[in-house]
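Based on these hints, arrange chains B and C on the given structure of chain A.
For reference, the chains in residue letters:
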Amino acid sequence: MSGGNGGSTQGSGSPGLSAVDRFALLPQEMEDGGGSWLEISMGPQHPSTHGVFRMDVVLEGETVVKLKPVFGYLHRNHEKIAEGTSYLSSMPYTDRLDYFCSLTNNWAYALAVETLVGLQVPERAEYLRVITAELTRLQNHTCLAGFLMQDMGASGTPLMYGFREREFILDLFESLTGARMMCNYMRFGGCRCDTPAGWLDQVRTVVTDYPQFLDEFENLLTGNEILMSRTQGVGVLTKELAVNASISGPCLRAAGVDYDLRKVDGYGIYPRFPFRVPLGDHGDTYDRYMLRILEMRESLKILEQALKEIPEGPVIDPKAKLRGFRPKPGEAYGRIEGPKGELGFYLISDGGANPYRYRVRPPSLINLTVLEDLCLGHNVADTVIILGSIDIVLGEVDR
Amino acid sequence: METLEQIRMRVLAACPEAVVDLVLNPAPSAQHSLRVDRDHLATVALFLREDPSLRMDYCSNVTGVDWPDRTEKVKVKKTVDGVEKEVEETRGIPGCLEVVYHLYSVALKHGPVILRVRTLDRAQEVAVPSLTPVWRGCELQEREIFDLFGVRFDGHPDLRRLLMWEGFKDHPMRKDYVDPDDFEYEPTPHDRVLERAKPYQDRGGTA
Amino acid sequence: MSSSLNPSSDLRAQGVVVTSIQDLYNWGRKNSVWPLQFGLACCAIEMIASTMARYDMARFGSEVFRPSPRQADLMIVSGTVTKKMVPQIVRLYNQMAEPKYVIAMGACAISGGPFKQGYNVLKGIDRYIPVDVHIPGCPPRPEALIHALMTLQEKIGNQSLTGEGRPRHLRADAPSEFPIPKQGSHDVEPPFNPDVWKAPRVPVRG
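Protein chains in written order, with the numbering used here: chain A, 1 to 399; chain B, 400 to 606; chain C, 607 to 812.
Okay, chain A solo, but in the shape it has when bound (with noise of 0.2 Å):
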């Protein structure tokens, strides 16, 4: 069932596998510290742990000795019933994989399918992909900090500020595609729609008035020095770490790597627009949360030149046929920058109408590899504020 005695000789070189001792152990197999260590399990049912996520953690008094993370209690197999669905059919499936970043997960699975079949999106249909990521990201990420004050402590204040600015880009949303979350609106080829009439001037009053409420949130809590005391050093992760154990996104970019896919792959028309990608020096919590600040403040750049730029123009290449749709045998990865990490879909056809295999490559099950390493050591209160800094979704980790 386990591993030998953890002593695997290929590649002793890579980084973090001194943990690989305790990965031999499940924790109900290890000694005991002579009887002063204690397992709870926290979860599935936790205020805490975002979604139906257990953790076993054996702690020594309040430190962690060892921490396994158990999946699983939201598996929907979406994999299963994408290869009985056809491919249009799968789209409102990823609407539902990260349930936060409705539009973002279309936007990938879109961009395997046209890599695979090789088509063209209109140029206005780009510009409306990047305008609503980017405002999906925007609430992503201030949904992120808002969850983050709560599992410290901060009993619902912060998330309401954050909630209240979610509830701004939702209405936009659901004048765009129709739906508040599950927005099903990316075709292969284009958008579903084009804008209602003043849709355009309703997201600049957004994005104009964004950055007072980020101004309002971050005087409340950047400088805090509960914040700061709780998240500066936890929970660090090292730059070879992170490299080798496929961390992607903003947790990459806090432990000091620059590798943004809007940046190295530059799908979509992201090459045209001049932002800059932030980076962390000591990879601990509190390098991740202000990520995600300034990761904000750049995708309000973004969104005015978008929106300045934004031309007329049809939304879905005339010829993509949405009816009928049948790819030719073959096979296709495409990954975008999610505002978890890198969200990838991989799709092998087989000249039919339901793919052959379809994979979903979900950033937040990936980060999570580094948990236990991320948390050794440190309080199980930390536990609860590192696991929120990572930014996991469940839909997506169980998909």
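Calculated directly from the structure, the hints in this document are not laboratory data.
Hints are supplied without guarantee of correctness; some may be wrong.
[As the list claims (entries may be wrong)] Label pairs and their computed distance ranges (CB to CB):
1) B:ASP468 with C:ASN700: 45 to 51 Å
2) B:ASP438 with A:SER89: 37 to 43 Å
3) A:LEU38 with B:ASP520: 41 to 47 Å
4) A:HIS282 with B:GLN523: 48 to 54 Å
5) B:ASP468 with A:GLU304: 56 to 62 Å
6) B:ASP553 with A:SER89: 36 to 42 Å
7) A:GLU218 with C:GLN628: 50 to 56 Å
8) A:PRO311 with B:PRO493: 43 to 49 Å
Since the model is a prediction, treat every value here as computed from it, not as a measurement.
Where a beta carbon is used, it is the ideal one built from N, C-alpha and C, also for glycine.
Only chains B and C this time, still in chain A's reference frame:
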């Protein structure tokens, strides 16, 4: 980044006993892959990670694929009653499970290099070497492939089921998996759902 | 001349409130329903949004969401119920103290929803525990959840304390704990609780 053919030549130069095939991808995405045999997968992976011009230090995605047994009709020349004829024969192609690795480089910002490895069959010989010692990010994804497909990864530090519960016996993502009959109510049943719903019609009460 | 048949409305017009024990009891119960903090999936986000500033569910009496089932009256099952999670849900329901209510929020909690074909998805939480209000939607809007809460309040308000229509916690013979399903090697066992859920008749065409 070099082309995949050049990478393949350099891999073969570095690990001469490895069997590395180029798998062409007919789709416009042009993401071709390298199929490596099981015994040399770990050496090839280490080479890709350490080579100065490739530096594939980021394993982005690990996928399991199920290729079930299938038959195909082949025309063969056979001598029948002394006359050479072309006869159609059905040939069985044994199935296997396949693991696909998508590798990128964070240091040099290029990619992807796609590695594939196949198991020998779907029933008994389902072990492949684990690449978790090379890229830690494969850890949870390989556990998931073990859970849902049944591929055993030798050298994985903690191979347990990830998404299903410990006592679960099947490998659900395989193509021949039949899900349990738990009475899925459907207002307009047809075909399979109707067949499965028939035994419950007498037991059930009014809706 | 007062012709109303209800004398209390006369008195109320003059500032005097007359009520019965039953009304008072039910009024107290329905206006202070405390939900359990129990979000499973996407519907949980709409549940959280309904407690936030715009849709404020606290003004309906659900002031706090309690993390502990011992202190909660209402379990809002929001999100897909998976077979791995079902023993935990039934255990939590058993731990709640009477009187307790369940709202099945969203298509997944009612019947499995869009993920109905799943090997790990339970086709509706009402297979194991009794559900009082079902909210369709994927996800239902926060207003729908508030409407469901109001419907539940109406249901509580109309429960009589004696006789046949009395609530479960006043009946000696009604169960308040339900057996917890076990996770077998292919499925949860039993696949549903026959005392709580009966398979509906499937209409046969042709």
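A quick look at each hint next to the structure:
no.: 1; hint: B:ASP468 with C:ASN700: 45 to 51 Å; result: holds, 47 Å
no.: 2; hint: B:ASP438 with A:SER89: 37 to 43 Å; result: holds, 41 Å
no.: 3; hint: A:LEU38 with B:ASP520: 41 to 47 Å; result: holds, 46 Å
no.: 4; hint: A:HIS282 with B:GLN523: 48 to 54 Å; result: holds, 50 Å
no.: 5; hint: B:ASP468 with A:GLU304: 56 to 62 Å; result: holds, 57 Å
no.: 6; hint: B:ASP553 with A:SER89: 36 to 42 Å; result: holds, 38 Å
no.: 7; hint: A:GLU218 with C:GLN628: 50 to 56 Å; result: holds, 54 Å
no.: 8; hint: A:PRO311 with B:PRO493: 43 to 49 Å; result: violated, 55 Å
When held up to the earlier numbered hints, the structure conflicts with hint 8 and nothing else.
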